[in-house]
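Following the hints, put chain X in place on chain R, whose structure we already have.
The residues making up each chain are set out below.
There are 2 protein chains.
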Amino acid sequence: MAGTAHPSYAALCERIAELADLSAIGGLLFWDRSTMMPAGGSDTRAHACAALERVSHQKRTHPEVGRLLAELEPWAAELDPDCDEARTVRVVRRDFEKARRVPEDLAADIARADSLGEDAWMKARSANDFNLFRDALSHHLDLRHRYVACFDDFEHPYDVLLDDFEQDLRLSELRPLFSELQAALVPLVASAASAGTARRNVLAGTFPAGDQRAAVLEVVKQLGFDDEHWRLDPSAHPFAVAQGPQDVRVTTMYDESDLSVSLYSVLHEFGHGLYEAGVAPAYSRTALGGLVSLGLHESQSRMWENVIGRSRPFSGWLLSVLQKRFPEQLGAVDADTFFRGVNDVEPSLIRIFADETTYNLHVLLRTDLESRLFEGQLTVDELPAAFDDGMHSLLGVEVPDAAHGVLQDIHWGAGLIGYFPTYTLGNLMAAQFFAQAERDLPGLQEDLARGDVGRIRQWLRENIHAHGRKYSSRELLRRVTGEELRVDPLIGYLRDKLTAATLLPAG
Amino acid sequence: MAGTAHPSYAALCERIAELADLSAIGGLLFWDRSTMMPAGGSDTRAHACAALERVSHQKRTHPEVGRLLAELEPWAAELDPDCDEARTVRVVRRDFEKARRVPEDLAADIARADSLGEDAWMKARSANDFNLFRDALSHHLDLRHRYVACFDDFEHPYDVLLDDFEQDLRLSELRPLFSELQAALVPLVASAASAGTARRNVLAGTFPAGDQRAAVLEVVKQLGFDDEHWRLDPSAHPFAVAQGPQDVRVTTMYDESDLSVSLYSVLHEFGHGLYEAGVAPAYSRTALGGLVSLGLHESQSRMWENVIGRSRPFSGWLLSVLQKRFPEQLGAVDADTFFRGVNDVEPSLIRIFADETTYNLHVLLRTDLESRLFEGQLTVDELPAAFDDGMHSLLGVEVPDAAHGVLQDIHWGAGLIGYFPTYTLGNLMAAQFFAQAERDLPGLQEDLARGDVGRIRQWLRENIHAHGRKYSSRELLRRVTGEELRVDPLIGYLRDKLTAATLLPAG
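Sequence lines, in order, name chains R and X.
At position 458 of the first sequence (counting the first as 1) the number is 458 in the working numbering, and the numbers step up by one without a gap.
Every position in the second sequence, counted from 1, becomes a number in the working numbering once 1000 is added.
In isolation and in its complexed conformation, chain R is listed as follows (with noise of 0.2 Å):
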């Protein structure tokens, strides 16, 4: 890079740097609510999240920032497109337009809000009760309203939302891709569930809570997770939160008659905080080591969940390691049941627990609902009834209350819509890169039959983890599997697997 400096530049990434190290202090606040937080110190956290949204908004709007990238535009247009300096150029211009957009005063009161809205879901969940949260949402909406409002440039309102989880993506593409995978998917859930055999819960059974947290840590630590860099807690939402890449915070939640729902949560967020941990550590506190896309993050967990940790060789792997800490529960079974048992299709309530073939139902009926709520077309009251009929004809099965339907996520508890998609796209995405991973590493199966993901975790972190948010998602596919954004690979991946654990009729 030597020659291509410019004496603004370092002024830029000052700046930069200390909004890192503002959104670092962001996430720890989150973190803290969900997991550490006495309930009393709730409105005091909204106070303090609405401070720093404030103060992180002046510094992102500040007019410096935009003299110094006025500067540095014709400088930048001289270098190789590609290099980190033109990247960076581009990526401070285009979050700046984005939130000098908006008034601080909002930003303020969206930051505000989503904190004392994550609180009002928490209790109405507790109390299984809606009402005492659709004021938060309907605050939620409004504040959201607000905010598309201060744009011009877009093709729908909600593409607005979407662009904050997900770069350029919009509801005119998500819908039919969105269309195609249900298509796709409605008749596989249906040929797996004709497929009419015994079911069993193969990680049933009694398991205590601390002998769980246990078995899921001995996993992790051979996957890479290491207690000077990572912690594990408890949680009412399972979630991953780094403070950069040396200080990972996954959580998890436990329930003591089924081992699934720890383990397989704790894989899907160790896949989160290992794309955090392995952004490339020049990228610190540069505006390339933030998070490009949350579909490009959800690829990395779902990868870790089910690409990785629901394939037969590894999945033979994992019942090895927790039969030897659980010999009375799972001596007894064999790894083709076990196979068998972590992917079988099963339509079911809860998004997080879901299967890997119905799960992107979910999804689906998330992002109808939340993209006509935001339009009107949905009420805040005809919202819980709207989502039990979802289930009903979507997946074919009855909500029985509210804590088990629309009040499930915490997601819009925190003002979090525009969101949902993305998880669908991880998945799209990560079938794309696994595929892409077996034809680079010949016997990567073998390795996986063994537990040893050293490989597999140098291609991603490679390939994908240290790139932070140099390329956009759609850039960084191309560039890894030469492909677009494509329903098929999943489609054929869950097709081959259902297949090999018969749980689909071969051919």
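Hints are computed from structural coordinates only; laboratory data are not their basis.
Treat the hints with care, as some may be off.
[What the hints assert, rightly or not] Here are the simulated DSS-like pairs of lysine-lysine, each with C-alpha atoms no more than 27 Å apart in a straight line:
1) R:K221 - X:K1123
2) R:K324 - R:K221
3) R:K59 - R:K98
4) R:K123 - X:K1221
5) X:K1324 - X:K1221
6) X:K1123 - R:K59
Structure of chain X alone, referenced to chain R:
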């Protein structure tokens, strides 16, 4: 307050509220670093602390604060000087004048060094090697010299540091007070030691950490700790920090061979927490909601740890609670033996485990060392030996290694120079306040014998906690007790208690 409103007053309050919110975040960063953060997160956290300090400093020193103050001061001068508005304007002016003398870069450097220094201290203490800490301490001292150089209106440079912890405290006042105290304590310790009765730690034994936690929680829950607003976690050095009155976090450490460590440190930190929880709700997020003085704060922790916690009536109740949980370990101990045991006088190595009588000698030593260090009469490399010499000459104990000597406390690690003296001020004030409480609350001893702390807690809240930062510690002491800061009440109190415990010859 109606009729006194000034349009700019609300604008000032809004700025102060934001500062209070940012300050709460600082408390969380500290708490998390000391309880939850993976060790590898240290560098990222230091950047976060520096970024937070930078934005807070910008807000504290914003020219608009000066403009609002200049506008409000003539108005405030016409108000009752003790009304909240007049006090607020004075307090904000004081903070503004202090902050604006310090360059932002220096403020951020100090925050970063404090965060990194704590980490260096922790590593040095674990390795029992002062050399791993010396550079961090030198850097702290250098930064403090640069900090003091920002001011010119002091009598002694160390006063500038003192003032950050105890408003208006001066070395010239501290030295005679501490001399008088030392002159009274040394013979008291000697005569208690010469009483020569067989000593034993009544709380020694085998106490698993989990059981200790349950026991101390049972105790403090009867005193006012509740899960809705409080937390208790382990840390390397016990402390308390609050994110406002609704989110109070105390920490402790567990020695499985000695219940007294967790029991009395939790009572101590509970006292700090109760103070923070008791500030008038109307002062939340205002200039009067902050903390006026660490001495006053410490008077509240020592009140619960010692003045109440080691009193004959309350210690009897405490024993009865602990005996139910630890019948084997404590069943045979009678209340007089317990009272005598928890007040036993024996010079020892570790300040935070020191008995109440020798405790202040530890503080006197640290105050002497850090003021000489700061004045350049002592170098960093000479500090460990000077510490050991001081322990020998003041307390007659031999320091075996750095971990039990100069590295035992977190303070110098976290850059807290000028903080130690407030511990002794707290002890002096605690004795003065409690004497007044006894005059105001006839039958208080009988309450405490039943573990009924309702009246004393209310008295502390009304007379001390509720006022937050409205009155300086001296003003408040005068308002509550009619007295100035005095040595006699503490000495008289100790003498009476040691006599009652037959640890001193009667008369």
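Which numbered hints fail: Violated hint (a single one): 6; every other hint is consistent with the structure.
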